[in-house]
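Peer 1: Residues per chain are reported as follows:
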Amino acid sequence: MADHFKTHNIYVNYPLDALHLRDLESDIDKLDLNLGDVVVIDCNGMSYICSSGLRVFLGFNKNIVAKGGKLIIRNLEPLVKGVFDMSGFSHIFNIE
Amino acid sequence: MIVKISRLFSRSFPLRLSLVILVLVSVLFTATIVGNTRSARRYVQNESIERAQSALDNTILRINSVLRSVEITLNNLSWQVQEVLDKPDKLYTITEHIIQSNDFISGSAIAFVPYYYDQKGLYYSPYSYREAGVIKSKQLGNSDYDYHNMDWYKIPHERKTPYWSEAYYDKGGSNIIMTTYSYPIYDKEGKIIAIFTADLSLEWFAELVNSIKPYPNAYNLMIGRSGAYLVHENNDYILNETMFHMATASGDEQMVETARRMVNGEQGMGEFERQGKKFYLLYSPIEATGWSVAVACLHSDIFSGVESVRKYSYAAGFICLLLVATICFMTIRRMTRPLKKIASAATEIANGNLLVELPSIEGHDEMCVLNDSFANMQKSLLKYVDELQLTAANKERIESELRIARSIQMGMVPKLFPPFPEREDIDLYSKLIPAREVGGDLYDFFIEKEKLYFIVGDVSGKGIPASLVMAVTCRLFRTIAYNVETPEGIVATLNDALSESNESFMFCTAFVGILDLKSGELRYCNAGHNPPIILQPDGNVLPMKIVPNLALGVWQGFEYQGESCIVENGSTLLIYTDGVTEAENCDKELYGEQRLLSVLQGQAHLTPHQIIDHVLEDIAQHVKDADQNDDITMLCCSIGELRDKNCCRQIVLRNKTEEISRMSEFITQFAEEFNLSPEVSFNVHLALEEAVTNVIMYAFPENEEHEFMLTVRKAENSLILNVIDSGKEFDPTLQPDADVTLPLEERPVGGLGIFLIRRLMLKVEYRRIDGKNILTMVKTIEDPQRDEDYP
Chain A
1 MADHFKTHNI YVNYPLDALH LRDLESDIDK LDLNLGDVVV IDCNGMSYIC SSGLRVFLGF
61 NKNIVAKGGK LIIRNLEPLV KGVFDMSGFS HIFNIE
Chain B
1 MIVKISRLFS RSFPLRLSLV ILVLVSVLFT ATIVGNTRSA RRYVQNESIE RAQSALDNTI
61 LRINSVLRSV EITLNNLSWQ VQEVLDKPDK LYTITEHIIQ SNDFISGSAI AFVPYYYDQK
121 GLYYSPYSYR EAGVIKSKQL GNSDYDYHNM DWYKIPHERK TPYWSEAYYD KGGSNIIMTT
181 YSYPIYDKEG KIIAIFTADL SLEWFAELVN SIKPYPNAYN LMIGRSGAYL VHENNDYILN
241 ETMFHMATAS GDEQMVETAR RMVNGEQGMG EFERQGKKFY LLYSPIEATG WSVAVACLHS
301 DIFSGVESVR KYSYAAGFIC LLLVATICFM TIRRMTRPLK KIASAATEIA NGNLLVELPS
361 IEGHDEMCVL NDSFANMQKS LLKYVDELQL TAANKERIES ELRIARSIQM GMVPKLFPPF
421 PEREDIDLYS KLIPAREVGG DLYDFFIEKE KLYFIVGDVS GKGIPASLVM AVTCRLFRTI
481 AYNVETPEGI VATLNDALSE SNESFMFCTA FVGILDLKSG ELRYCNAGHN PPIILQPDGN
541 VLPMKIVPNL ALGVWQGFEY QGESCIVENG STLLIYTDGV TEAENCDKEL YGEQRLLSVL
601 QGQAHLTPHQ IIDHVLEDIA QHVKDADQND DITMLCCSIG ELRDKNCCRQ IVLRNKTEEI
661 SRMSEFITQF AEEFNLSPEV SFNVHLALEE AVTNVIMYAF PENEEHEFML TVRKAENSLI
721 LNVIDSGKEF DPTLQPDADV TLPLEERPVG GLGIFLIRRL MLKVEYRRID GKNILTMVKT
781 IEDPQRDEDY P
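Protein chains in written order, with our numbering: chain A, 1 to 96; chain B, 1 to 791.
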């Protein structure tokens with residue numbers, strides 16, 4: 001990973017339902033994203049994700065990719081991973 | 001008294017008829033008498049007038065002849081006066097001769113103009129008169145008796161014509177009432193030299209006038225030119241009273257007019273009243289003197305004959321009428337006597353004594369005809385009663401058989417209610433009301449292995465044929481239902497059994513259901529029956545959506561399609577036959593499904609028994625007096641809250657995003673209570689949140705606060721989720737699936753929610769009922785295979 005590319009970390013340790021979407025969105029808004037920056041979302045403790053959450057992830061991912069960056073999702077719980085699989089997101093996200 | 005008499009008349013026909021005849025005859029009689037009397041009066045009146053008139057004419061003729069004789073005497077002797085003018089004293093012989101020659105003349109004078117004879121002076125009037133039968137003479141004029149100023153001298157002198165004076169009392173002469181005829185005498189030069197007079201006593205006139213007596217009470221009168229009485233019953237009136245004065249004093253206008261006519265010299269008839277009596281007055285003039293003679297006849301004198309005849313007529317008439325009435329009454333009574341006998345015989349027959357003997361009537365009149373027809377009626381009545389007794393006996397036999405058949409039929413359906421007193425989860429009531437003694441409707445139910453099996457059916461037609469098919473169907477259902485587990489299996493087996501040897505082409509519609517009392521799942525199969533009605537706990541009432549299939553017994557081997565649904569706790573099922581919706585009133589108006597639905601609206605809290613009674617009451621109000629036209633059957637089953645206390649949960653949410661956390665808690669709670677696996681719980685959470693978020697975000701206008709409901713029920717091997725909101729209509733099941741195979745750049749941000757729900761749930765259904773969106777999602781919970789089946 002090149003030095004001039006910054007890596008941002010976001011921790012989602014809460015169930016991502018409609019109510020908590022704003023927490024994630026404000027975290028994303030706070031980021032000072034530059035071209036080619038990498039964002040790592042650590043989903044350890046994210047016991048749940050709703051479709052709106054998926055939409056946020058999708059929108060964010062598109063945004064980063066458009067700036068030549070990369071979104072990495074980590075530590076998905078199995079059930080949440082199931083949702084990512086079912087919705088076909090597993091193929092378009094970098095899931096570690 | 002009057003009431004008694006009128007009752008007597010109203011009850012007696014002879015009396016009434018006699019009365020009518022009496023009244024009629026007496027009217028005719030009275031009219032005849034009145035008419036007769038009237039013409040008799042007219043005749044008598046004319047007759048009497050003629051009679052009186054002729055008497056009057058006769059008298060006037062006599063008076064005129066006397067007056068005429070006086071005039072002639074004077075005229076004839078006037079030439080003698082001229083002969084002896086030169087011998088004044090010789091004139092006495094003329095006057096004496098006058099009196100001698102006419103018995104009516106009581107005095108005669110020749111009154112000369114003043115100083116005709118110088119030697120005789122101012123007055124010279126030789127005068128002769130009758131006194132005690134002897135004729136005497138004297139010179140009349142002197143200063144005391146200045147005849148030149150008297151009417152009898154002055155008027156003819158001036159008029160130069162003969163003249164009859166008014167009547168007067170002669171004081172100078174004979175002191176009697178008299179009149180004077182004056183005749184002027186001329187000399188050769190045509191100059192009046194003397195007035196030649198003759199005095200006439202009116203005593204004799206009075207006698208003559210009073211001799212007119214056409215009737216006993218008639219009286220006469222004569223008036224002078226001024227209306228003064230010259231002849232009158234009362235002598236004091238003579239020359240003292242005038243007819244005008246008397247008439248005016250008594251206020252009798254008619255008499256004044258009569259007097260006027262009389263004075264004018266007219267002839268005629270008048271009427272007047274004196275002392276309350278009516279008089280006719282016939283009058284005629286005496287032209288020479290200008291007097292008028294009249295005869296007054298008493299009205300009652302003229303008509304006394306007519307009056308008495310009239311009285312006799314009335315008396316005779318009255319007696320005749322009494323006779324007629326009595327004879328009428330007797331005759332009619334005798335003629336109508338058989339009528340009384342027939343009437344009493346009729347009363348006997350009416351009282352049940354059909355063998356009563358009728359009166360024997362001879363002849364061929366109407367009475368006899370009536371009696372004959374009565375006898376005929378008696379015979380027919382006897383025959384009819386016999387037939388009636390026979391028919392009644394037959395009918396009684398059939399009816400008793402039908403009663404037995406009815407009790408057998410009623411014995412075939414469960415009748416003991418409540419049928420499951422030991423159970424608290426369901427209550428059931430049913431009612432079968434055949435239109436006739438027996439009917440073709442049927443119902444049956446029983447519980448086996450915690451499942452309620454039930455059937456409601458309607459055999460085509462009514463009465464005994466239908467009841468036989470009903471019996472067969474009922475028995476078959478019991479037998480089959482114990483061995484076949486699905487409703488479509490039961491229905492198919494029933495259909496095959498009934499179709500076999502169905503030679504009379506009877507068919508039967510039926511609804512067969514199996515309700516799982518643990519899960520609330522209702523599996524059912526419909527065979528051409530009308531859809532049952534579900535009363536939901538919130539008060540909504542809706543007919544079930546069912547596949548009609550085909551009635552039983554129509555087509556052997558037909559493949560029946562079964563269906564299933566979940567019955568919510570607190571719901572009530574009503575299965576009924578078309579006798580309910582097709583109940584007709586007198587105007588052939590059907591009761592109808594709409595009315596049934598509306599009468600059930602909001603009645604879910606009632607017990608099945610109350611619901612059925614409620615519906616029956618409403619049907620009765622619709623039908624009113626019309627006969628029941630079809631069998632009526634209802635089976636009502638309520639599913640209580642108590643069936644499984646832990647299988648149902650619900651929460652009311654508001655349209656705010658914050659409510660998501662309440663929903664999450666709710667899901668966590670029931671997941672724990674229902675002992676759901678983490679996967680199921682996670683998936684349910686995901687699906688529900690999608691649905692609920694949708695409602696919160698889009699169902700209601702912004703800034704308006706609304707509530708909506710979320711229910712979860714655990715069935716045997718599934719979880720039923722309902723999201724119910726009253727927001728704008730939206731069917732999420734119509735939304736297209738998101739394409740999950742697209743690469744990142746082409747993936748749309750939306751469209752995932754419904755996709756996820758579809759993937760996570762076994763079944764997703766949407767209904768719009770009563771302005772509400774109802775989204776039902778079913779999740780299998782005992783099928784781990786399915787859960788792991790994610791792509």
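Hints are not guaranteed to be accurate.
Only pairs whose alpha carbons sit at most 27 Å apart, straight line, appear in this in silico BS3-like list of lysine-lysine [said to hold, decoys possible]: (1) B/K415 with B/K449; (2) B/K213 with B/K545; (3) B/K379 with B/K341; (4) A/K81 with B/K518; (5) B/K588 with B/K462; (6) B/K120 with A/K30.
If you're looking for bench data, these hints aren't it; they were derived computationally from the structure.
Peer 1: Would the hint linking B/K379 and B/K341 be met if the CA-CA limit is 27 Å?
Peer 2: 18 Å, holds
Peer 1: Does B/K545 lie within 27 Å of B/K213 when you go C-alpha to C-alpha?
Peer 2: Not OK: B/K213 and B/K545 at ~128 Å, beyond 27 Å, violated.
Peer 1: Checking one constraint from the list: CA of A/K81 to CA of B/K518, max 27 Å. Satisfied?
Peer 2: Outside the cut-off at roughly 36 Å; violated.
Peer 1: Take the C-alpha atoms of B/K415 and B/K449, compute the straight-line distance between them, and say whether it is at most 27 Å.
Peer 2: Roughly 22 Å between the alpha carbons, so the hint for B/K415 and B/K449 holds.
Peer 1: Are the Cα positions of B/K588 and B/K462 separated by 27 Å at most?
Peer 2: 19 Å, holds
Peer 1: Does the structure keep B/K120 and A/K30 at a Cα separation of 27 Å or less?
Peer 2: Since the Cα atoms of B/K120 and A/K30 sit roughly 191 Å apart, the hinted pair is violated (cutoff 27 Å).
The structure fails hints 2, 4, 6 (numbered hints given earlier, in ascending order).
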